[in-house]
Structure formats: structure tokens, C-alpha cells
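Participant: Residue numbers (our numbering), protein chains in the order written: chain A, 1 to 323; chain B, 1 to 493.
Some hints here could point you the wrong way.
[As the list claims (entries may be wrong)] Okay, the calculated bits of chain A under chain B, using three or more residues with CB under 8 Å as the criterion:
1) 104 to 114
2) 165 to 174
3) 177 to 188
4) 292 to 299
Since the hints were made in silico from the structure, they are not lab data.
Just so it is clear, CB atoms sit at the ideal spot from N, CA and C, and this is done for glycine as well.
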Amino acid sequence: MLKSTIKRVAATAVAAGFAVTASLGAAQAEYPEKPITMVIPLGAGGSHDLNARVITSIIPTYLNQAMIVRLTPGSGGQKGTQEVANSAADGYTLLFTHNYIDMLQQHVENLPYDPMEDFIPIARVNYAPAGIVVRADSPYQTFDDLVAAAQANPDSIRMSHSGNWGAFFVPAAQIMKARDFSLNLVPYKGGGPALQALLAGDSDVTMGFPSTLGSLLDAGTIRVLATAGSERMFDDVPTLAEVGVEGDIGFMHRVVLAPKGTPDDVVATLTDAFGKLVEDKTFTRMMGRLNETIDLLDGAEYQAMRQEQDAAYADLVKVLTSQ
Amino acid sequence: MLDQFLEGFAMAMRVDTFVLMGAGLFGGMLVGALPGFTTLMAMAILLPISFFLDPIVGIPFLLGVYKGGIFGGSIPAILVSMPGTGAAVATSRDGYALTKQGKSRKALDMALFSSVFGDTASDIFTIFMIFPIAFLVMQFGPPELFAVLLLSLVIIAATSGSSTVKSLIMMAVGLWLSFIGTDPLGGVERFTFGLFDLKSGIPLLPMLIGVFAIPEIAGVVIRNEKVKQLASLMGERLTFREFRGTLKTICRSTVIGTGIGIIPGLGQVVAAMMGYAAAKNASDHPETFGQGDLEGVAAAEAANNAVNGPTMVPLLTLGIPGDNVTAILLGAFVAQGLRPGPQLFEEQGATVFAILIAMVFANLMFLVIGYLSIPFFSRLVRIKTSVLIPVVIMFAFAGAYVFRSDTFDLLMLVGFGIFGLIAKAGKFDVMPMVMGFILGPPMEYAFGQTIAMGNGSTLAFLFDERIAALMILVATPMIGLLLWRRMKTVPSD
Numbered sequence: 001m002l003k004s005t006i007k008r009v010a011a012t013a014v015a016a017g018f019a020v021t022a023s024l025g026a027a028q029a030e031y032p033e034k035p036i037t038m039v040i041p042l043g044a045g046g047s048h049d050l051n052a053r054v055i056t057s058i059i060p061t062y063l064n065q066a067m068i069v070r071l072t073p074g075s076g077g078q079k080g081t082q083e084v085a086n087s088a089a090d091g092y093t094l095l096f097t098h099n100y101i102d103m104l105q106q107h108v109e110n111l112p113y114d115p116m117e118d119f120i121p122i123a124r125v126n127y128a129p130a131g132i133v134v135r136a137d138s139p140y141q142t143f144d145d146l147v148a149a150a151q152a153n154p155d156s157i158r159m160s161h162s163g164n165w166g167a168f169f170v171p172a173a174q175i176m177k178a179r180d181f182s183l184n185l186v187p188y189k190g191g192g193p194a195l196q197a198l199l200a201g202d203s204d205v206t207m208g209f210p211s212t213l214g215s216l217l218d219a220g221t222i223r224v225l226a227t228a229g230s231e232r233m234f235d236d237v238p239t240l241a242e243v244g245v246e247g248d249i250g251f252m253h254r255v256v257l258a259p260k261g262t263p264d265d266v267v268a269t270l271t272d273a274f275g276k277l278v279e280d281k282t283f284t285r286m287m288g289r290l291n292e293t294i295d296l297l298d299g300a301e302y303q304a305m306r307q308e309q310d311a312a313y314a315d316l317v318k319v320l321t322s323q
Numbered sequence: 001m002l003d004q005f006l007e008g009f010a011m012a013m014r015v016d017t018f019v020l021m022g023a024g025l026f027g028g029m030l031v032g033a034l035p036g037f038t039t040l041m042a043m044a045i046l047l048p049i050s051f052f053l054d055p056i057v058g059i060p061f062l063l064g065v066y067k068g069g070i071f072g073g074s075i076p077a078i079l080v081s082m083p084g085t086g087a088a089v090a091t092s093r094d095g096y097a098l099t100k101q102g103k104s105r106k107a108l109d110m111a112l113f114s115s116v117f118g119d120t121a122s123d124i125f126t127i128f129m130i131f132p133i134a135f136l137v138m139q140f141g142p143p144e145l146f147a148v149l150l151l152s153l154v155i156i157a158a159t160s161g162s163s164t165v166k167s168l169i170m171m172a173v174g175l176w177l178s179f180i181g182t183d184p185l186g187g188v189e190r191f192t193f194g195l196f197d198l199k200s201g202i203p204l205l206p207m208l209i210g211v212f213a214i215p216e217i218a219g220v221v222i223r224n225e226k227v228k229q230l231a232s233l234m235g236e237r238l239t240f241r242e243f244r245g246t247l248k249t250i251c252r253s254t255v256i257g258t259g260i261g262i263i264p265g266l267g268q269v270v271a272a273m274m275g276y277a278a279a280k281n282a283s284d285h286p287e288t289f290g291q292g293d294l295e296g297v298a299a300a301e302a303a304n305n306a307v308n309g310p311t312m313v314p315l316l317t318l319g320i321p322g323d324n325v326t327a328i329l330l331g332a333f334v335a336q337g338l339r340p341g342p343q344l345f346e347e348q349g350a351t352v353f354a355i356l357i358a359m360v361f362a363n364l365m366f367l368v369i370g371y372l373s374i375p376f377f378s379r380l381v382r383i384k385t386s387v388l389i390p391v392v393i394m395f396a397f398a399g400a401y402v403f404r405s406d407t408f409d410l411l412m413l414v415g416f417g418i419f420g421l422i423a424k425a426g427k428f429d430v431m432p433m434v435m436g437f438i439l440g441p442p443m444e445y446a447f448g449q450t451i452a453m454g455n456g457s458t459l460a461f462l463f464d465e466r467i468a469a470l471m472i473l474v475a476t477p478m479i480g481l482l483l484w485r486r487m488k489t490v491p492s493d
């Protein structure tokens with residue numbers, strides 16, 4: 001047992017250190033000839049960090065170069081984003097971010113960069129669909145119960161979420177706008193504390209990603225009223241589309257961006273590497289173990305979604321801030 | 001339950017578990033000792049390795065990194081007055097004073113023993129009381145958190161080194177500094193003067209190194225302060241008598257730390273400060289605190305490590321990570337096919353107990369690893385001053401920089417260094433400022449949450465739903481006032 005464990009550890013160490021050896025190997029004239037930095041504009045230990053650790057430990061196999069994670073948290077993601085916007089468009093500095101930092105913030109604040117003008121998407125690695133959750137003893141049996149109660153007594157129902165303009169605040173606002181009701185939104189520092197507030201009875205409803213809900217669902221502690229997307233995640237739980245909320249609402253897309261002006265052959269190399277990455281067995285197994293999906297979109301496909309998000313978020317912010 | 005426990009005990013007794021846990025402890029200690037590198041980063045980087053290990057090997061490995069890292073953070077705090085995290089601030093006070101007296105080895109030993117004691121006791125308490133703790137955790141929401149934080153600030157101001165008025169002034173400065181940047185709730189910019197660098201607020205690490213380490217470095221350089229070489233080359237080890245003398249303090253701090261660990265959102269910084277304040281308050285020689293009292297080191301270290309046990313409870317019983325460290329552990333659990341949550345104990349009870357038991361053994365193992373490595377660390381300060389000072393300066397700047405890789409942080413470091421020198425000259429204690437700065441944002445957040453929960457009628461909300469919180473809110477300033485008056489009668493340095 002000990003021997004096999006050591007073997008496996010050694011294998012991982014080799015995989016992680018592959019890049020170093022590769023960079024010492026045959027000098028290649030073409031991109032990438034040195035390690036690539038992937039900036040995450042968020043803190044350590046979050047879902048982006050964990051996803052990135054898996055990506056960067058496998059992708060060197062296909063790029064023949066190391067990919068190094070650099071965490072640059074601050075200003076709700078703006079610090080790291082600005083850093084990449086200001087760096088050379090040579091493919092050696094990439095940004096691993098999500099749609100709310102990418103497309104929403106420009107409508108809320110003055111940013112020192114323009115996301116549409118300064119970035120191009122390389123790949124969307126995966127996305128996480130949010131579910132609307134109540135305690136099992138909640139009086140709201142269905143999504144419509146919740147809407148009806150909120151319409152009868154606006155702002156009387158508390159919803160805990162993971163932070164203003166964050167991954168649950170925005171879909172909540174979009175859903176409230178679509179169905180014309182209002183909840184009292186109370187911010188918490190992250191999805192975990194928001195869920196804990198629900199269980200403690202401090203809030204009446206919250207949202208969560210299925211990867212974090214599984215165990216509480218099985219135990220019958222919580223009930224899901226609706227999930228994002230047009231396909232059902234649970235057989236007996238309607239999708240947002242079924243309850244009258246259409247569109248790209250409630251998804252957190254994890255995306256890799258590059259500064260605009262990155263040469264086409266570099267983009268092609270990266271696109272190719274991500275394409276091979278998602279086929280990699282170790283990669284799929286590790287992501288599966290983190291309860292993460294893999295759903296690759298290439299740059300062009302995701303650019304179309306970005307443009308839709310841009311317009312939708314502009315509308316949403318206008319409505320929210322004019323109140 | 002008992003047979004699960006015994007089965008878990010048997011599962012934990014594996015050679016590879018201990019080998020990797022030891023590697024994790026040692027590696028974590030080294031990383032934690034480097035200013036600017038956090039335990040969290042080390043854990044995130046090592047997480048993928050744990051995927052390929054057996055759960056009873058991989059998770060103790062990560063726990064080892066975590067525990068080693070916390071102690072590692074105390075090493076530069078004691079040796080060169082360079083606390084890398086808020087949790088090590090209280091330790092650096094007496095720890096560095098001891099180093100200046102040539103007793104760095106005693107201080108490190110004291111830190112190690114009290115850490116291990118606090119951690120072990122809180123882990124064992126957690127194993128036996130996991131379900132009552134899980135219930136207690138649920139009783140603390142934002143209003144209660146606000147009240148506890150307010151009380152902590154009052155206690156810190158009342159018990160710090162300089163006069164209470166000076167302490168309150170410094171705390172106000174710290175609170176104000178914490179307001180700079182984007183407001184945590186509404187996203188409005190405050191006091192940034194349009195500077196993008198200030199938008200994310202003032203970074204903690206340059207402040208810590210600036211106000212604590214720079215004035216000490218300057219002291220050695222300008223005034224030619226000698227780090228005393230009275231003791232033999234390596235310094236003396238802690239004696240059993242000295243340890244026994246602090247046992248009461250260690251036990252008190254362990255209880256305080258465990259209690260604070262139960263309240264979600266407080267953490268090690270508050271625990272260390274409260275443990276320190278309580279020890280000073282109970283002592284019959286409070287004037288020696290801050291001047292190099294072993295009890296000061298013991299009080300802070302036992303308390304901040306005693307937080308560890310209870311913080312695991314929401315993760316294990318609900319599957320909810322309370323902070324980034326437990327978020328990484330959640331990743332490790334899930335990757336192993338263990339899903340923390342209400343059913344974890346039913347489905348995987350033995351495995352969970354094995355992990356918890358391994359956690360206790362990690363502490364005991366660390367006692368040995370730490371004890372053997374302390375001589376090497378304490379030897380560091382014996383290097384010639386002309387070599388040591390440049391190296392320390394290099395680490396100060398490197399540490400401030402690597403955290404965010406931002407040159408702006410270097411300016412901050414220099415600015416806070418100058419501020420620290422001025423404060424020292426004026427006999428203002430910088431500790432209340434740092435604590436105001438660290439605890440201000442969570443307190444403001446909890447306040448904002450309370451207002452949001454009340455939805456425009458905060459008092460009605462507190463009266464209808466939160467009688468307990470209301471009582472705490474009223475009682476906190478009163479207890480504070482009493483403490484303040486009592487502190488005034490105690491001679492302070």
C-alpha cells in the first residue's frame with residue numbers, strides 16, 4: 001500500500017514538474033517558448049482556484065510548457081483583470097475569470113479597462129448552474145408559492161446570497177425582474193455562509209450550485225425549487241425556463257480570456273490545447289472528483305454569449321440602480 | 001458510534017499516513033515561516049496531490065500542511081518581529097521581546113508547546129462534542145457576530161500597552177484605514193481619491209510588516225540595539241518549571257480559543273488577542289506582558305490554535321466551509337468520494353473518525369518535528385547583525401510584494417514603516433490600530449447584514465427575532481466600560 005501510494009505521489013509530482021523538464025527540453029521557436037501565467041482575479045481556495053489547479057497540472061502535457069497560477073484578488077476581481085488588460089498580448093498572460101466579473105461590472109462602475117475592447121475569449125471551460133433552495137420545513141413547496149408570498153408581502157422574505165453583484169445576487173435580481181416580485185436580499189461572504197444562514201433560519205431562501213448541495217439534499221434538509229437552464233437537473237424540480245424565467249440566467253461560466261491583439265496562431269495553439277485537455281482522462285477524472293462539469297466552448301462560441309450577457313446585464317443594472 | 005470510533009482508530013494507524021502527515025507538517029512550517037507565503041496557498045497548490053492518495057492519507061497530509069503553517073507563522077513573528085498573519089500579531093509582542101533578551105529558543109519552545117496543547121485539547125473536545133457544537137454554531141448570526149466583534153475591540157483597546165486614550169485613538173485610526181477602498185456591502189468607493197490602487201483597500205501584509213518589523217529593524221540599525229548574547233550560542237530551552245508555570249494560562253486560552261472557534265466568522269486573530277488580554281487581566285504581574293513574558297506567548301499561541309477544532313464542525317456536519325482553508329478541505333473530501341454533510345457520519349463514520357484521530361496524532365507528531373527544528377530556526381538570529389539586518393530587510397520587502405505581486409504594496413510598506421517609527425517615538429501602541437484594521441471590515445459587514453435583515457426597521461427586527469442579540473448589543477458597551485475602568489487601575493507600561 002505504502003509503495004503504491006508513493007508511486008502515485010511520484011507520478012503527480014512528475015506531472016506537476018513536467019513543465020520544468022519540458023522547458024529545459026528542445027528549444028522551440030514557436031509559442032509557447034516560456035511558461036504561461038494564468039491570473040485569477042479571485043482569492044485562494046475558491047472554486048476558480050481549485051479548477052485552475054486541475055487545469056494547470058494537466059495542460060502542460062499539451063502545451064509543452066508550464067502554466068502558472070497567479071492569484072490577484074482585489075476590488076471584486078478588477079485588480080487581476082486590469083493586470084492582464086495591461087500586459088502584453090503575446091499569450092503569456094491569461095485571465096481565468098467568470099461572466100459576472102467579465103461582463104457585469106462595467107455597467108456598475110467605471111473600470112480602468114473595457115472588457116469588450118481589451119479582451120478576447122480563449123475558452124469556456126465549464127459552467128455551474130444555480131438552484132433556488134429553501135429549508136425542508138419551509139412553507140414554500142414550489143417556486144410559484146415563493147413568488148406568490150413575495151408578491152403578497154414584498155421584501156418580507158429574506159434571501160441570503162454570496163455578495164452584492166455576485167453569482168447569486170445577479171440571477172436573483174434577474175429572476176425577480178422576470179417574475180415581478182421582490183425579496184429582501186441579505187449579503188453574506190460567499191455561498192457557504194449564505195447556505196448556513198438558510199439552515200440557521202436567518203434567511204428563508206438562498207441559491208447554491210449542485211456540487212455544494214448534494215449531501216444536504218440527500219439528507220432531506222433542504223428543498224430545491226428550481227434550477228437554472230432549460231434541462232432539468234433533478235427529475236421533479238422545474239427549470240427556470242419552465243417557471244417563466246428565460247435566458248442565460250443563473251449560470252456562472254468559468255472562462256479563460258486573453259488580451260485583445262493576441263496573435264491568431266497563439267490563440268489557435270491555446271484553443272487546440274484546451275480541446276485536448278477536456279479529452280484527457282486524468283483531467284475529466286479530477287474535475288469529476290471536484291463535482292465540476294466540463295463543457296468546453298471555444299473563443300468564437302463564447303464571444304457570442306458575451307455579447308448577449310453584455311446587453312442583458314446593461315438592462316438589469318439600469319433597472320436595479322434606477323429604483 | 002463507539003465501534004465506528006474504534007474502527008477509525010485502527011484505520012488511522014498506518015505508516016504512510018504518518019509519513020505524509022510529517023512531510024506536510026514540515027513543509028507547511030517552512031512555507032508558513034516565509035512572510036508573504038500563506039498556508040492557504042500551500043494547501044491550494046498541494047490539493048491535487050491529495051486526490052491520488054487514500055482519504056486517510058491525503059486529508060491528514062493537507063491538515064499537516066495547515067497545522068505546520070500556523071506554527072510557521074509564529075517563527076518570524078518571534079525572531080524578527082515580522083508577523084505574517086493577524087493571528088501571529090499577539091505572539092510577536094512578547095516573543096520578539098524574548099528574542100531581544102537572548103531567549104528566542106525559549107519563546108519558540110513555548111509557542112510550540114502551547115500551540116500543540118491548545119490544538120490537541122480543542123480537537124479532542126471537538127471529536128466528543130461535535131453535535132452540540134454543530135447546534136451552537138447555528139445560534140450565531142450577523143447581529144451576534146457584530147456584538148462579539150465590538151466587545152473584542154473594546155477589550156483590545158482597554159488591555160493594550162499604551163494608555164487607554166492613546167489606544168482608542170490608534171484603534172480609530174485603524175478602523176478608518178479599514179474604510180479606505182470599496183465599501184464591502186454597497187460597492188461605493190471611500191477615501192480612494194480616485195486612485196485605482198486604493199480601490200481594493202489597504203493591504204494587510206505591508207501594514208503588519210511595516211508597523212511591527214520596520215521600527216525594530218530601524219532600532220537595531222540606528223540605536224545599535226544589541227540582541228543580547230547572554231545565553232549560550234543556541235539559547236536555552238524551555239524548562240519544565242517554566243512550562244508548568246504557564247499551564248493555567250494555556251488552559252484558559254484553550255477554552256477561550258475553542259469558544260471563539262465555535263462562533264462562525266471570528267477566527268484566530270480574535271482568539272489570540274482575547275487569550276492574551278485574559279492572561280494579562282488575570283495575571284498578578286500584568287506589567288511584564290509585552291516586555292518578554294513567556295505567559296504572553298503561551299496565551300496567544302494556545303488560543304489561536306484552539307480555534308482549529310471547532311472550525312471543522314460546520315464542514316463535517318453540514319458540508320459548509322466557513323473559510324478558505326475549510327473550502328480546500330471540502331475539495332479534498334469531495335474528491336475522495338466523501339461528502340461532508342448530515343449523512344457523513346452515518347455513511348462514512350469510521351473514515352471521518354480516522355481523519356479526526358489522525359488530526360490529534362498530527363499534533364503530537366508536530367511536537368517532535370517542531371522540537372527538533374527549533375534549534376535551527378533560533379540559530380538564525382545568532383547570525384552577525386551586519387548580515388542579519390539586510391536579510392531581514394530583504395524578506396520584509398519580498399514578503400510584502402509576493403502576496404499580490406504589486407509594487408504599490410512596497411510603497412505601503414515604507415509608509416507604514418515610517419508611521420510605525422513615529423508611533424513608537426510617541427509611545428503609541430500600534431496593536432490597537434492593526435486590530436481595528438483587521439476586525440473593522442467583518443464588523444462593518446455584520447452591521448450592514450443586520451441592517452439588511454431588519455429591512456428598514458432594525459430595532460423592530462432585533463426586538464422581535466433577536467432578543468439575545470439585543471441583550472448582547474446593550475451589554476457589550478457596559479462590559480467594555482467596566483473593563484476599561486478596571487484596566488485603568490492596573491499599572492500599564
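Participant: Determine for every hint whether it applies to the structure shown.
Facilitator: Cross-check of the supplied hints:
1. 104 to 114: Answer holds; 3 residues pass the 8 Å Cβ test.
2. 165 to 174: Coverage by chain B is violated here, the residue count being 1 at a Cβ distance below 8 Å.
3. 177 to 188: holds (count 5)
4. 292 to 299: violated (count 0)
Of the numbered hints listed earlier, those contradicted by the structure are 2, 4.
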